[in-house]
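Visitor: Read off the chains here:
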Amino acid sequence: MPEAAPRDLAAALVAAPSTATVPVLPALRTVVPGGGLRPGSVVGLGGPGAASLGLALVAGVSRHGGEDGEGGWCGVVGVPGFGVAAAAGMGAEPERLLLVDEPGDRWPDVVAALCEAVELVLLCPPERPGAAAVRRLSALARRHGCVLTLTGAFAREWPGVRLRLHVADAAWDGLAAGHGRLTGRRVQVVAEGRDAPGAGRRAALWLPAPDGTVRPDEAVRPPLELVPGAVADGAPVHPPRGPRPVRAAVGERIGDRIEEGIA
Amino acid sequence: MTRVLVAWCPDWPATAVGIDAATPGAAVVQGQVAACTAAARAAGVRRGQRLRDAQRRCPGLVVRERDADAEGRLFEPVAEAVAALTPRVEVVRPGLCALAARGPARFYGGEEALRVLVQDTVVEAGHDCGTGVADGLFAAELAARAGDGGGVVPAGGAAAFLARYPLSVLDRPELADLLRRLGIKTLGDFAALPSGHVAGRFGADGALAHRLARGEEPRPLAPARAAADLSVRSGFEPPAERAEQVVFAAKRLAGELHEGLAAGGLACVRLEAAVGFADGRVLRRLWRHDGLSALAVAERVRWQLSAHQPADAEAVWGGVTWLELAPDQLVPDEGRQEGLWGRTSVTDRIARAADRIQALLGHHGVTRPVLVGGRGPGERVVRVPVGDLAPGGLPEGPWPGRITGPAPAVVPPVPPDVELADASGAAVVVSARCEVSAPPATLAFRGRPAAVTGWTGPWPADERWWDADRARRRARFQVTTDDGAAYLLAVEGGRWHIEAVYD
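Listed in order, the protein sequences are those of chains A and B.
Residue numbering for the first sequence follows our numbering, beginning at 1 and increasing consecutively.
Residue numbering for the second sequence follows our numbering, beginning at 1 and increasing consecutively.
Next up, chain B with everything else stripped away, as it sits in the complex (with noise of 0.2 Å):
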């Protein structure tokens, strides 16, 4: 049996979105808390509320999505000051980091003192911390969780130490539910029964449920070593006044940056490059890095200067004192095939003149169109910055009530409002029916009128009705009037839009 040291952050995701424990808070995720802090769980808040009731219970929650890539970069540290003291480091996930504690122990001089030379690393690394020392992650992790700060279950101990657990531990709702029923509340009463039967009653993921209550380990640990940091970074002394300096010192960047990427056999998707000022401020902007080259990268970089410089001139903001560029979405490196036949590839001058537009607008500056499923034409284009993938995985359709027929020239981004008036002059209303009240006579856009020569709908949308924040529920119309325009309109709360201009 391997003993196992576990260091364990309460309350990680929470934590990781930067809520303090002492606030309440709570990170979500689809309305339903996924973590929330030690001040937030006393006023009753629990782990899978759904957010109201979360809210009900404690109207002061702090509420915040869960990031999950900040959970990763946040523990990252972490993981860095643990390893400090023994190399080998098991992230189990983040918050949650694992190593073996045997050799360590004897080197620290015991099991108790290498718990709490961890516990006071991570502590100060910025962390509040429990760790625990046991047979196997599971009760490691149980021992870490236990208590004040954890504590250490002698080596044999571990059945013993987990047997007044309760069955909501092991993590396996629908399993922990059936052994309620049969009158099984604990570890202890579980791991009491045979495990031949266990095995044949419950299947495999029984079987390994029932391992873990005996105190038995399901897996040894598996140790990785930590992702190096494959950022590069850059110091000037004194603070370099001129572009030339920069983008000298970018390309050398640049040719470490890739050293170190195909040294680990890696491609990065995105680079980011961040250039700080004397004054404390710093420009950051991502790259699409499709095997740029180090002298493409230096001219990203000028690109990235240049296009800040000229909006304020007066501010020289005392000149660059740090460049660093970091890679972003590590791919491995798999090479790279151009498109044969058939295959529209971005050619180098659309990639350089994208590039270029970036520079001055941002990454979302320049965009393609995807067309994508969708009844209304707004629905139906999704705008895709250059560089990044299309969305993939959108719903085929059908798409009952599609509006057909030729597609609309203008689709305005924001739909403007527009007053539609029968022949006394009275607002055309539509009823949950779908009745329209009269026919339209007048359509008044800005205040200018115009005679309806011809309409037809009303077509009904309700979308997305099963979800209360998403749903819409319109009726549109397609319009002709006498000035031979021709208009898609929307009514959705009794107010008219001009969804779309047949121009």
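This is chain A alone, in the form it adopts within the complex (with noise of 0.2 Å):
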């Protein structure tokens, strides 16, 4: 099959990153320019959601990571409130990850001591990171190849951020008024900066999917329906109708039924 072979090929170059790169998630090779972070740089997350991809940037690591590829370590650094569970549902190791929940005013130290051991540090900087602290630790992470995630609210303030993640479009499933549960949520996550020129790069996922990892986001057929009466030659057989899946419509109603009664 002569038209297969270039798909196949792109499969396989999406799917096996260069080894010089710090593995992600393979829901993220897309959006990640070059399919995994470059070893020594900076990456900046932002806005809401921020929390997930730094769930998600450590879960790649710690699954795909090391050198023989069988898992790395991370460290986590100013971020007591790092979703242990959420991580270990994205693919992480739990027993692969150093937590320094409180490191105070001596945070570069410790920042610098996780540089030389570990591929990821995640870092919420818990002040203005002073010029000398960004010098030394950008260095520190160049020359051991470990990559520095930054999160919060001093996470833009660093200079020489080559990568910024963002989530855009985010809408949880599984809600409604006063019934259901959270199932997963479907997100843009974004990609812009100098290694991602232009408008950035793009991948709709599911940032949990419903078992709590990471997917792309297929695009949703509307489910097939039986359509009363004959059907016209050329006449569309699905009727006009939004993306979404019948049950949430159904589930909404009922919903609507029993505020009513409540009321």
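None of these hints come from the bench; they were simulated from the model.
The beta-carbon is built from N, C-alpha and C at its ideal position, and this holds for glycine as well.
Do not take every clue at face value.
Derived contacts from chain B toward chain A, CB cut-off under 7 Å, selection only [said to hold, decoys possible]: (1) Arg380; (2) Val381; (3) Asp503.
Where chain A lies over chain B, by a calculated footprint (3+ residues, C-beta under 8 Å) [stated by the list, open to error]: (4) 350-358; (5) 364-377; (6) 399-408; (7) 482-488.
Hints given; two lone chains; assemble the complex.
Guide: Right, here's the structure in full:
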């Protein structure tokens, strides 16, 4: 099949990034330039959803990192609310995480110590980073090939960030008025910065999917339905309807009815 | 029959937690009095009482949690002082040590003389003490507790001495209760029963108690040499001003320490390095000692020094005057076996980084998470300091009322307060029957309101209702707001918290 060959090649290129990068979760390979994070680079996270992106990056290294690709170590500095269970759901191994919840004003020393040992440090600077600390930590990260991932209020103050990730068009599934439960969130992950020039790169993902993992969001086809009556030649088979699955619509209706009942 | 001398320090658990005998105080375990001082006893406090009852009888009661480690540690000097008189001392339990009396009694000029000598020795070591000499350990312990500072029960007189004691001294409540209902109230009555029948009716343990009551020994003394103190110490005269001097001494000390451990076939899990300064300050820090070399120990001492000096740059503290390395948690040295495949081992690089962070922030500064069972997202993670063993024996579940679905990305350690209001602006209330007063409409966090677009709940969680101090009754909700955020809220005692954020 000659026409399948380029597609296979493209898939292979996406699926197997060069070994010189710090790996990310497979779902994020399309959005991160080069299919992986550049060793020694600084990545900035921001906006709503930054915590989930941080978890996903940690999970990628923890699952696919290491010298033999069997799992690498990550450090988390200054993020006392780090959702370990969510990271484990995305594929991280909790036993390969080092958490420093309260580094205080010694955070540059803590990050410097971690840079030499782990592949990725997720850092929430507790204060405006000083120029000396920025220079020292950036140089250490470059030398040891450790990716410095910044989150929190001072992430934008860090100079020399070549890749910024954020989340757009987030929509949670599964919750209605008074019933249901959160099952998953569809987002657009956007990569911007000098490493992703122009309008940036985008990917539609489940972050997280109902089973807690991170998955590409394949376009949802509307479910097949029986169409009453005869179908004229050339007429559309699907009635014009929103892209949402029917289940959610039914749920809302039931919810409305329950609410009316309560009222 | 061997003659046994027992030295007994009264109310040792209370003494060990630092309560003076003259102050009414008690050492408690799980809300029950484990030991109390004489002053507390005079006020009506008894062993085994519930703490609340004890406090009702003696409102000024000083209460401390029982500390078994301190009991053993503090008793060591007492046992040592006694061992200076006669070498073979058995520490029966902290607070009670025994020695074979026959030889030392001849050396020191009689049993009464030996008894008084031991008593004086322990009192000189700083603790109140009663001593008694009798046939066998059981009678000797009661003799030590008897009267004012104990006494000597003559050879062959144990049965007569014991006869008037109540059955409770046997420390077998079930047996004592049964015998009491059979009309047997003292050890003398019990000893008068034929031993064959006692063994047939009460089994091996009953037979053992019967032997005790008749003044016979259940077992001979098993004196062991007190474990040698393996800690090593070095002084500096004049005080060392430079870290290099201290680190150099640390290397030599570590070598000595390892020799001492190896001679005893032991290994230590942790190592305490203490550095004393000329002005009396002491820096103490526990280090994981997992087969460290002497050089690595010296390096840790260097980190310990360097981590503390920059913080107090002006205070020189007058230089280092002494350095002590003490092994902690001794275990038999079984060698080390590295994992073969598929096991996560902490590599040297990781261990070094963790050690450096622990030098900066303390032992609990860097942790590894362990996932355990639990209902809320915050209860599912235990953070274990690097180098410590993960907790074992945690309950497996099931956890009814567990939060299912994807786990939240942010679990704040202290849930912040939040306000949840309905469409009319009134706070949403959940009744005891888990009825929601009105559908929530706005969620205000730090004064910024957001409209609620979806909500679900309440999911009640009534935890540890059997324990008044730790009981928690909550109802959880999941809420989404119009800015795209999703929260796990909990209402407890009428107050709303953000337990986790699905960020």
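Visitor: Hint by hint, note whether the structure agrees.
Guide: Consistency of the hints with the structure:
no., hint, in the structure
1, Arg380, "5 Å, holds"
2, Val381, "4 Å, holds"
3, Asp503, "4 Å, holds"
4, 350-358, "holds (count 6)"
5, 364-377, "holds (count 8)"
6, 399-408, "holds (count 5)"
7, 482-488, "holds (count 4)"
The structure agrees with every numbered hint stated previously.
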